[in-house]
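Protein chains in written order, with the working numbering: chain A, 77 to 338; chain B, 514 to 868; chain C, 2 to 313.
Take the hints with a grain of salt, since some may be wrong.
[Said to hold, decoys possible] Listed next, the stretches of chain A that the computed footprint assigns to chain C, with coverage defined by at least 3 CB atoms under 8 Å from CB atoms of chain C:
hint, stretch
1, 109 to 116
2, 146 to 155
3, 187 to 195
What the hints contain is simulated information worked out from the structure, not anything from laboratory work.
Glycine included, C-beta positions come from ideal geometry on N, C-alpha and C.
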Amino acid sequence: MKPAKLWSWLIFAFGAAYFIVPLLATFEFSLRIRREGYTFDAYTSVFSDGRFQASFSYSLIVGVCAILAGLLIVVPAAYYVRLRAPHLRPIIEFITLLPLVIPAIILVFGYIRMYNTSSPLPLLGTNLGTDILLTLAYVALALPYMYRAVDTGLRTIDVQTLTEAANILGANQATIIAKVIFPNIIVAVLSGAFLTLAIVIGEFTIASLLNRQVFGVYMQNVGANRAFEPAALAVISFVITWGAMGMIQLLARFAPKTARRD
Amino acid sequence: MAEEFLRIDKLVKAFGGNQVVKGVDLSFNKGEFVSLLGPSGCGKTTILRMIAGFERPDSGRILVEGKDISGLAPNQRKIGMVFQAYALFPNMNVADNIGFGLKIAGMPKPQREARTEEMLQLIGLSGYGKRYPFELSGGQQQRVALARALAPSPRMLLLDEPLSALDAKIRVSLREQIRQIQRELGITTVFVTHDQEEALSISDRIVVLNTGNVEQFGQPFEIYNRPQTRFVATFVGTLNTLNATVADAGAKTVTLGGTTVTIPALPASARNGEAVALTMRPEAVSLANGATRDIVLDGKVAEVSFLGSVIRLKVDLGDNAVNLDTFNDQRTPPPAHGAPVRIGIASSDVLVLER
Amino acid sequence: MTNVSSAADTSAGPVSTGPAVRVGGNPFRFFLRLRLGDIIAIAPFIIFALLFLLIPTLGLVVGAFQDPQGNFTLQNVMDLATPQIAASFWISIRVSVTSAVLGAAIGLAIALAIIRGKLPSGIRSAVMTFSGVASQFAGIPLSFAFLATLGRLGLVTVLLKFAGFDLYKSGFNLLSFWGLTITYLYFQIPLMILIIAPAIDGLKKEWGEAAATLGATNGQFWRYIGLPVLWPNLLGTLSLLFANAFGAIATAYALTGSSLNIVPILLYAQIRGDVLHNPGLGAALALGMIVITALANIVYLVIRTRAERWLK
Ligand SMILES: Nc1ncnc2c1ncn2[C@@H]1O[C@H](COP(=O)(O)OP(=O)(O)O)[C@@H](O)[C@H]1O
Ligand SMILES: [Mg+2]
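Construct the complete structure from the given sequences, taking the supplied hints into account.
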């Protein structure tokens, strides 16, 4: 018993060191911008940069649009698979997991070839079209997480009974989804949304190849040209990721504790 | 005559200040089948786990054949164990599960296979060796678990509520099978259960436990017919209680329903005029149609339960009610609900419980 | 294919990692019974999957076998056999395999320590929360963090030098195979912890106790029961970690520019039109990446179905 416990502590300490040291080092580095001593000037410099504000708000907007579009695509599908077509589940789940194995760079390369100006659907021909393409690309990236979150939410509530009850009361299918199912899974959906945001906010590959000035591309630019601001940006990113994931933890406390049905 | 095999000495165990085993002393004989019987949470599992070595006693000793085993790790104790939830290794087929202990002991493959086959026959599952646990029913899985525990010939077998996850029918047939195998092998066995009928039907002796204390330790016949505490009397079997008043303590007489009767079991400590509870088993009460009994009371049938070979009647006696069992007789239908009946009790069957 | 669902749908017993492709019912019957409402509900998902997942990917696969005029050719695929491209595939595979294996091993060790190591219970939830964050902390900012840690001016480098050890003189370079691997571990390890923790929870306490009463030591329990039961999960997670590293580009790009030519960076440069100037070759590169990730998953599926008959 004793040596096992000692080992556990050792492994934990090793892991903690590996994960905490880079965070401390990054923070320390971000303070080093002045020779005189530690200052927060790198942060001031970042926050007052117009491109920071522009790219960050652009990423935020695209992220929110991706979340909304994702919900429109995922919620009805997940609901119907649970309720009407459980035997299609393996196929649908297989599709939702594809983005985990198809690298983002492959997806965007495919988009560039498929939606170029000479294609039947020339999304890349206009700015708005490219914005839409970027948003949908982010929906694809977030699909595994979004689908899982919604599906978990559906599982915790009794979809079948709720639907029957609503049917008896004379509600049509759209009303059922909007008024009955959705409020019940809002917590799960919000978790999926925050996870999507965490993924989207720092994304680089797709946006860069679509020539969109997102936060990730801005960070890459700063990284190529500055010394200390990147560290400050890394700290800011980490705080944002932590915030988004922290919201998920917080939401989990409000999740309905209904018995699981499968 | 009987040779002592396992001795438990002033065993104490607490979890976070809450004492769940409070100084238990027990001694089991070699080859004996003993049940630990008690309500859920009374410490049965904890005692079993201390014998197996998974919990360390706060104080007290556990001796096997005179030797203290406290210092031994569970894997050095050579004690087989069967769990409530089977706990078969899901990644191994039946044969590999049964052969696991032999493999660990370093037995060569040919002998191991022979022994595994022998065990499969013992549990009546020969031909099932290549199946995986998930392909078996609960009862089959538990038999495999039994074979797995017995294969390395442990010096003792522990079973923790091995039947409680099974259907009623399988429960009865499997408990008979367990008992039969145990007799065949002559292995000292400790069987934990909260089901008094189960304990009564298969044990050589029963330990009745309540909140970490031993209430009574004896053969099923003694436990059922001569419970030494109120807890044992009420926990084991059904018990009727009639309220009476001591008439003459010296003459061992009480007043019950207006008549005075002699109760041989009245304790010497009883005082005149004191209220006492007379208790008796349902089968000690009979319909006294004409037959002479020491105690005769009149009442009305409140409930009739047809149990098959036995019919249980609940008779309302005004201020008391008793359950009585009569044998089913094809020619005589039981009295109807509400029918007036006269019941009889032999005073020698009456127990008097203090408080 | 790998399934991150484990966290969500752990049931009793071994967690299923990977889509059990079950054939349940007759799909055609279902399509015949489809109502308008069903079609409206599933259509957006299906159209999205076709337009933004399946067709673009298939288009690349087809494009890899076409010359600029659209005729069938094997030239693009054969062009992959240049030393530069072969070398970048090789380094990509090495980084991905190493970071996946190390990430899985270390992640498993940490998960076992916090779940079965009798550590205070608060530690487990803290580690799980942190893993959730760290597994998403990848890309550009991660490279910044490691430059600030192990770069030439990074804190650890500086402190080591202060203590008399010159990391870079000893042969270490953050912009190298090992540098990239160490950086990738920052998201690989937490991902492993997140996925494997529910599987470890699925190991019943009684299995260990039953093994002990049968004479097995703790080590023997892990060798014969614990690890074999976790094996399908480990394998599944391993292929997910591999894919995760193999397709990653942002971290490496920001860290090394193009000094470390992993395949995604090569492809990135190709798409930007910086080098190679051959669209067919780009598609062939993509095909190579798809084939390798697919192979990793097929290997997993084959081993899983062959070795794990006991999985329901
Ligand atoms: N590991 C433990 N930690 C804390 N309390 C425990 C532990 N194991 C058992 N207990 C408590 O000890 C008491 C006796 O438990 P147990 O021996 O399992 O009872 P039984 O098997 O008779 O139902 C119960 O109240 C139970 O909650
Ligand atoms: Mg118990």
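Going down the list of hints, with the structure as the test:
1. Coverage of the stretch 109 to 116 of chain A by chain C is violated in this model, with 0 residues showing a Cβ closer than 8 Å to a Cβ of that chain against a need of three.
2. Coverage of the stretch 146 to 155 of chain A by chain C holds in this model, with 6 residues showing a Cβ closer than 8 Å to a Cβ of that chain against a need of three.
3. Taking a C-beta to C-beta cut-off of 8 Å, the stretch 187 to 195 of chain A contributes 4 residues in contact with chain C, enough for the three needed, and the coverage statement holds.
When held up to the earlier numbered hints, the structure conflicts with hint 1 and nothing else.
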